[in-house]
Amino acid sequence: MKTPSNPPPPTDDAPGIPGFRTWRGVYLFVLAVFIVGVIALTLFTRTYA
Amino acid sequence: MNLLDWLVLLSAVVGVAAYGTWRTRHTDNLNTYLKGNSTTKWGTIGLSVMATQASTITYLSLPGQATENGIAFIQNYFGLPLALIVVCAVFLPIYRKLGVYTAYEYLGQRFDRKTRLLGAGIFVFQRGLQAGITIYAPAIILSTVLGWRLDLTIVCTGLLAIVYTVTGGSAAVNLTQKWQMGVIFGGMLTAFVILLTKLPPDALPIAGALGKLQAVDYNPDLKVRYTVWSGVLGGFFLSLSYFGTDQSQVQRYIGGARLREGRLGLMFNALLKIPMQFFIVILGALLFVFYQFQPQAPVVYNQTQWQRQLSGPEAASFRALEEKYATLHTAQQEKIRVWATAQNATDPAVTAEARRDMLEAQNAANAVRKEARTALQAADPTTQKTKDSDFVFIHFILTQLPHGIIGLLLAVMFASALSSKAGELNALGTTSTIDLWRTFRPLAAHDEARNVRAAKAFTAFWGLFAIAFALFVSFAENLIEALNIVASIFYPALLGVFVVAFFLKHVKGTAVFWAAVAAQTVVIAIFLLGKVDPTREIGYLWLNPIGCFTCVIFAVLLQAALPLKTARAG
Chain E
0 MKTPSNPPPP
10 TDDAPGIPGF
20 RTWRGVYLFV
30 LAVFIVGVIA
40 LTLFTRTYA
Chain U
0 MNLLDWLVLL
10 SAVVGVAAYG
20 TWRTRHTDNL
30 NTYLKGNSTT
40 KWGTIGLSVM
50 ATQASTITYL
60 SLPGQATENG
70 IAFIQNYFGL
80 PLALIVVCAV
90 FLPIYRKLGV
100 YTAYEYLGQR
110 FDRKTRLLGA
120 GIFVFQRGLQ
130 AGITIYAPAI
140 ILSTVLGWRL
150 DLTIVCTGLL
160 AIVYTVTGGS
170 AAVNLTQKWQ
180 MGVIFGGMLT
190 AFVILLTKLP
200 PDALPIAGAL
210 GKLQAVDYNP
220 DLKVRYTVWS
230 GVLGGFFLSL
240 SYFGTDQSQV
250 QRYIGGARLR
260 EGRLGLMFNA
270 LLKIPMQFFI
280 VILGALLFVF
290 YQFQPQAPVV
300 YNQTQWQRQL
310 SGPEAASFRA
320 LEEKYATLHT
330 AQQEKIRVWA
340 TAQNATDPAV
350 TAEARRDMLE
360 AQNAANAVRK
370 EARTALQAAD
380 PTTQKTKDSD
390 FVFIHFILTQ
400 LPHGIIGLLL
410 AVMFASALSS
420 KAGELNALGT
430 TSTIDLWRTF
440 RPLAAHDEAR
450 NVRAAKAFTA
460 FWGLFAIAFA
470 LFVSFAENLI
480 EALNIVASIF
490 YPALLGVFVV
500 AFFLKHVKGT
510 AVFWAAVAAQ
520 TVVIAIFLLG
530 KVDPTREIGY
540 LWLNPIGCFT
550 CVIFAVLLQA
560 ALPLKTARAG
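One line per chain: the protein sequences are E and U, in this order.
Note that numbering that gives the first Met the number 0 numbers the first sequence so that position 46 is 45, with each residue one more than the last.
Note that numbering that gives the first Met the number 0 numbers the second sequence so that position 366 is 365, with each residue one more than the last.
Honestly, I wouldn't trust all of these hints.
To give a feel for the contact side, a few chain U residues facing chain E, derived at Cβ under 10 angstroms [to be verified]:
(1) F77
(2) P199
(3) P200
(4) A214
(5) R257
(6) A378
Worth flagging that the hints you see were computed from the coordinates, not collected in a lab.
Small disclaimer: the values here were computed from a predicted structure and weren't measured.
Ideal Cβ placement from N, Cα and C applies to all residues, glycine included.
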């Protein structure tokens, strides 16, 4: 019979942010926000400039 | 300024500095003095990184630049989030793993002593001079409009930064920067909200029609200074060198309780920096609209100097310029109103004609403003040291905001000067101690108390040097521009050295050292070529990737050639 194992203790490198298990996920999120930001600024320019 | 303004200003600026000094007065541990408190969390690190980068120029001059030239400058920050991801993923873990105090200490471990000294030397040279400018630039503007003595403003600001930075080192810098950023955010948001209440409902379309809201430009021409391409690529290399290799930034994030705190602090900046800068440039564009609807908009914003001329020997010619501008300004207001009404018309030809008329009126008014600035500079050469656009925001603050809020906004300007200055002094003191003093006095490395004393002495030295340099700058013409150029041409080769260190393990110290010297020569040659022949001039952001790639390529080639030379010699 398999005993239920406790989850491993968080390592120093874990982001510790809900929804993100790895730093790669955090970096991809930041990259996605940046791309959305540039698109938003492009639309802003097209609307007003 | 009245008593309430003084109370707000002094409690926000001197109060935070005194609090930082008192809380960190017993800092005698070298690690805490150089890296900050070991329990520092990501929020403090993130605010500290932001506070070190954003000096008074950001809050005082950037709105003015947007008023004058529009918001395209925002593209300069496009490379920043990408660079911070690389710093988080590559630079920071290595700095933490090796437990270094400075970025250049890592170069010593990876390469050799001469490469470490080259890195530390470049940093100390350009950052030491920049520290003087950090105090001088806001002091010249604030002393002009407030009627304070320039030398006293420089000395008081400089001494205040020295006191708490020398006392508590990184711990004091991190602590005070957190509170100073609170003052800055609070003040800027208050000014923005008050400005919004004073604007017409169609402020954004007006700013856009008058050419102030072009945030992005996809033009591939290398000569256009601010484009998406120069911002992403050039801005990426500029940010990578600044955040990854400049000790004033490295020192902010290598401390902290865990690697996670530094990473989250940097990601906080990666997410917030562009929105924050957008907020500042939009403030500038909206200030432009605000002044379009002022019945008596100033012909120049440096009103202190202008009013002096109105009571001087050439008063008649200055008054004539003022009247000429007032007439054109009234005509321009009318054209803007016609255009705003024509917006609702169904005939596009009518709208286009109204817009053309509005732009013509704007050009005519701008021509008189230019004439007035030239006349002011001719009559008073001291005004050549500042740009008139630097006075736009401070003019708004002093003439449109209520008492108390004026004090808060002035506190914003001094808090930002102190926070960036403290970060610089802290880094200069650390690099001087760890990379220069210790290198030549290796036996002192194990005496912690002596190291702390040395770091305090070097921090005080650089603070006094910055004050002396700022006082000297006030006598020198165009020195600020020259120093900004020096900074932009020295970073790329240094970044190249770090890129080789991190990614090209087979390249050794001698190859990278001479590659950095060669890359530096290439960057200077390209820069000088552009000055001699303006048709060959390229946007300065492009120097960053060019210098970095040149250093990397030379390092690889030299590393391949050096063993051959050694073999032949053997």
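Evaluation of the provided hints:
no.	hint	in the structure
1	F77	holds, 7 angstroms
2	P199	violated, 15 angstroms
3	P200	violated, 14 angstroms
4	A214	holds, 4 angstroms
5	R257	holds, 5 angstroms
6	A378	violated, 37 angstroms
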